[in-house]
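Protein chains in written order, with the working numbering: chain A, -16 to 248; chain B, 62 to 319.
If you're looking for bench data, these hints aren't it; they were derived computationally from the structure. A quick note: this is a predicted structure, and the numbers were derived from the prediction, not measured. A virtual CB, placed ideally from N, CA and C, is assigned to each residue, including glycine. Worth double-checking, as some hints may not be accurate.
Said to hold, decoys possible - A few chain B residues facing chain A, derived, Cβ under 7 Å:
1) T185
2) Q187
3) D309
What the hints assert, rightly or not - Pairwise CB distance ranges (calculated):
4) A:A39 <-> B:G291: 35 to 41 Å
5) A:G121 <-> B:V128: 40 to 46 Å
6) A:D167 <-> B:A75: 49 to 55 Å
Each chain is listed here by its residues.
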Amino acid sequence: MLVKIRGMSFSRGHRPIFDNVDMDIHRGKVTAIMGPSGTGKTTLLKLIGGQLKPDAGTIYVDGHDVHRLSVKELYKLRRRLMGMLFQSGALLTDLNVFDNVAFPLREHTKLPESVIRHLVLLKLQAVGLRGARDLMPGELSGGMARRVALARAIALDPQMIMYDEPFTGQDPISMGVLVKLIHDMNDALGLTSIVVSHDVHETASISDYIYVISAGKVVEHGSPDKLKLSGSAWVKQFMNGLADGPVPFHYQAEPLLNDLMGFKS
Amino acid sequence: MSIFQKLGQFTLDAFARTGRGTQFLSQVLLGLPSVLMRPTLLIRQLFMVGVQTLLIILVAGLFVGMVLALQAYIVLVDFGAEESISLMVSLSILRELGPVFTGLLFAGRAGSALTAEIGLMKSTEQLSGMEMMAVNPMKYVIGPRFLAGVISVPLLTLIFMAIAILGGYFVATELLGLYEGVFWSQMQAKVDFYEDLVNGIIKSLVFGFVVVWISVFEGYDCVPTSEGLGQATTRSVVHGSLAVLGLDFVLTAIMFNV
Ligand SMILES: Nc1ncnc2c1ncn2[C@@H]1O[C@H](COP(=O)(O)OP(=O)(O)O)[C@@H](O)[C@H]1O
Ligand SMILES: [Mg+2]
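Isolated chain A, as found in the complex (with noise of 0.2 Å):
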């Protein structure tokens, strides 16, 4: 087991985001975690980055308390351990696709420049973009820009890629290019990956587990053919998007004859 979160709640101001959460995610397998907007993902992915500190409970990664390290154990933690592919991707503005992916080799090795251009390349080429090395970060598209976090996120070969909403406002082609990307670099390179979105069907089709978050609680959790014949009506309105179900389509409000007709109930 890779990350293990026991009993973990966290609060922004007075408003509980998490609420004793426990989670498990395995090596060398594809977990998604389900959940509609504002739920806490991106939230959930910094804890275990150790960017933000639970109120409450413990995240262990790779058997250490993440968040009892001190700043330069994180710091070798992430290094060695995590890369994290933003949801805008993230890439430095300043400086294009190449020293993009190199960035990290620069900062964290002393290898030698023509070392890492081969470095860069190669991970460049596993994703397709080799060709668009000069491109600055703004002439890229979405779906590009995201490959490109992609190949700066595996450019230290972590163990782990966290992956926030890879699949959010994309073309179907570079939806089908991400999922593809994912489910490989998971095979190929024996990672692990934790892939938060709230697509499900792509997310279903490469995950091997699925946690669903909602109001601060896991409510199912299981393999994707599990989750599909649960028997929560929450559940499956979440995860086949109906449009009407526990989650109302209507937000609360008085009765519509009544707000029509200028009615005070």
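Given chain A's structure and the hints, the job is docking chain B with the ligands onto it.
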């Protein structure tokens, strides 16, 4: 909310922000040694700040000096003391206008740009991204910008002073017909190196430090939305300018023993 609740909220926010700002500053200062180890980043930022600010400093300095010479002439000629134009120009420039103008212009031009740039890097997750790549943004992004600002403000102030005095010289000799020798010899006789120039430079060091601190902090602390970014940029200019004016009063009172 009642007015008292608002007042309380405002006070609490102000204290919380001051606390965060101080904590932030200590982190920046702790990261400075490693900034010095990698001078390329620093040099790049020095260049950026210089490019952004140099032209406006030159133009503003020239005009401030020229206007001062004119005003000095109007006042002094009634007393037959127009030979002291250079004294009035140089003393006001060295003691007050040089550091203050440069501080204000810097806050408006480079300071706002710093805030916007860092704020944008925060809202596009570039700072978080760096942290996850185990690169400390305090050392890679904030530190070089901070140090570049702190170094460049005194230098820009010196440039402002020089060009303003040249502007005054030009107006006094070419326009008002004063002898060159009189202009320079009055200055030489009455302007004191420590009392006037060094004090002006000390002021500019303080202004630079505070203005740059405010600008990088506002960017780093901004709410990562387009609205939050706009507010942070405005705050950076307003607070930076007010800090310059307020500190100028304090420093003048201390330096000239009033
Ligand atoms: N920096 C922040 N300060 C305060 N609240 C935040 C911050 N970041 C996120 N939130 C809030 O926390 C909740 C969870 O956010 P997030 O993890 O981004 O959700 P998701 O990624 O699932 O859409 C959201 O309601 C959001 O408004
Ligand atoms: Mg999110």
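message: Check the structure against each numbered hint from earlier and tell me which ones fail, lowest number first.
response: Of the numbered hints, just 3 does not hold.
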